[in-house]
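Trainee: Here's the letter readout for the chains.
2 protein chains.
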Amino acid sequence: MKIYNIGIIGCGGIACKMAATLGGMKGVKRYAVASRTLEKAQAFADKWEFAKAYGSYEELASDPEVDLIYIATPHAMHYDNARMCIEKGKPVLCEKAFTANARQAAELLKLAEEKKVFLTEAIWTRYMPLSLKIRELLEEGVIGTPYMLSANLGYVIDRKERILRPELAGGALLDLGVYLLNFAAMYFGKEIASVHSVCQKTDTGVDAQENITLLFQDGKMAALQASIHAVTDRMGVISGDKGHLIVENINNPQSVRILDANYQTVAVYEAPQQITGYEYQVYASLEAIEKGWLESPYMPHAETLRLMQQMDALRKEWGVVYPCDKE
Amino acid sequence: MKIYNIGIIGCGGIACKMAATLGGMKGVKRYAVASRTLEKAQAFADKWEFAKAYGSYEELASDPEVDLIYIATPHAMHYDNARMCIEKGKPVLCEKAFTANARQAAELLKLAEEKKVFLTEAIWTRYMPLSLKIRELLEEGVIGTPYMLSANLGYVIDRKERILRPELAGGALLDLGVYLLNFAAMYFGKEIASVHSVCQKTDTGVDAQENITLLFQDGKMAALQASIHAVTDRMGVISGDKGHLIVENINNPQSVRILDANYQTVAVYEAPQQITGYEYQVYASLEAIEKGWLESPYMPHAETLRLMQQMDALRKEWGVVYPCDKE
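Listed in order, the protein sequences are those of chains A and B.
In our numbering, each number is its position in the first sequence, counted from 1, plus 629.
In our numbering, each number is its position in the second sequence, counted from 1, plus 629.
Note that these hints are calculated values from the structure, not bench results.
All C-beta atoms in this analysis are idealised placements derived from N, C-alpha and C, irrespective of residue type, glycine included.
All the pointers check out, no bait thrown in.
Result set (SDA-like, lysine to any residue): computed pairs, CA atoms no more than 20 Å apart in a straight line:
(1) B:Lys830 <-> A:Ala822
(2) A:Lys830 <-> B:Thr774
(3) B:Lys762 <-> B:Gln902
(4) B:Lys830 <-> A:Glu820
(5) A:Lys871 <-> B:Arg788
(6) B:Lys676 <-> B:Arg665
(7) A:Lys871 <-> B:Asn880
(8) A:Lys739 <-> A:Pro929
(9) B:Lys830 <-> A:Ile821
Heads up, incomplete: computed chain A residues facing chain B, CB under 7 Å, no partners named:
(10) Tyr776
(11) Ser779
(12) Gln838
(13) Met850
(14) Gln854
(15) Ser856
(16) His858
(17) Ala859
(18) Gly869
(19) Asp870
(20) Gly872
Work out the full structure, taking the sequences as your base and the hints as a guide.
Mentor: Written out as structure tokens, the structure reads:
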């Protein structure tokens, strides 16, 4: 069995989480890490037992031993980072939000197709077994015909630079809302008739809180709330004419509870034991690489692009403009 | 101790619920019931042990022994029913939605003030001890500063005439949405900066599903969803920077759970044992009558009117028009 050498670009919180994840996985090696300074990369490599540390992202991407690069930088940097990796022919698992805007996403996806390089978005909830189980349950009709979906995600992150600053592609939408839109997309699909939204902005001009309504062509409605000010319950609820289904923590689904029309719990599905939940997106990437696919069926390119376009449209409505939008 | 003779106008489901409630209360007598036919009233009176049965609402309102009239007819009839009672000088506890539109509400409130008759809206959640406890908890800062409120209410009532027909003041808003708006009003107040909403309509022209956003002047946001197609989880969640508070069933609050910023439950408050929950609005009405008040502090006239105006504005935006709106 081939052992895949994983490289990580960026040394922040999610890079640590991925390093911890890789340590518990099979078939992967914590091979290389890159930061903008060698000291930082070396400290990370020492702590997490990576074989190599690089003081530039390019050096890591140039290492012929690297099999897959996980991009763990803030999302304003994803475009540059991913482009560089793809140009060097390296398969890429790129953190969400995939890019700062849809133009950047389209360019990256086009480049990856041209270069025949695997590229996928690290929107981890898309790859999780429980996420797929929910879709199965809905198809089995456990709640009858679904009509309404509501989901929320909120954390107190209103002091973070990367959230507050437009030049870092800040705001609730790209950090939190992306999970809500993906949740709605996974279960209510992409046949959207119209999108309506309301947002409250920060003094710095990014979105702080929002309520987004998606109306689907078949009459379904999704209501999505995000907040950078409050710790919300992170629940996702899908309601049908025979009952409803509650997903505990849409950001890392722990359980799915199904209630009948009398509010009695009729079934509970727990997430299988996981390392962190990050492992699924890595395994999916390796499967794709092994099979020579250029995208993952869990998160197809078209879906990544559609979600970025959805977020662009929302930001346009709200007047949340990033410097890169003007390029 | 005076025993109050209660009269009920209407013999439907909520009249039964009130009859059952009165049976468990102190200081009240199941005195009289009226329907549009004597047979129906008599059957109800026999079943629920009411002393008198009347074949017209006027007869009941004319009975000098009646101390308080509970109006349990469909909401399209509230205006006519309540006006008649007030003109006869009878104190009124009128089911929600208070009237079909704000014009009717304003007229009723004016008439009650002129005639110096007690009148209040039977929006039962306003009178419940747990509702008041939630406000106290928020004021104590159990979840820090509140920023986001979300609540939903959905039942499969999309085959009911009274819901589907505009002439019966149908739609999700007046039947379900009214609880959502009251929930938001109780905890986030009335200093609303703007209201935004999206609705899906039935073929009959009433609102079937909606997502309503209230933006408050102090930066808070409330996101409210109603549905006549789906059994939703009926939860109300208020989120702050130190945690959140979950109200189980905003339509008849059973418990309030407080979670800290780490999603750990730190306290649970259960509703005190209740008959049905209807008793609180009756006791509040009797207290007001005893004290000579013309309105109840639990649901002041101004608040009833404000909520009706809010619903009028929403319907106007959606193009949900009742015949009585044109009068």
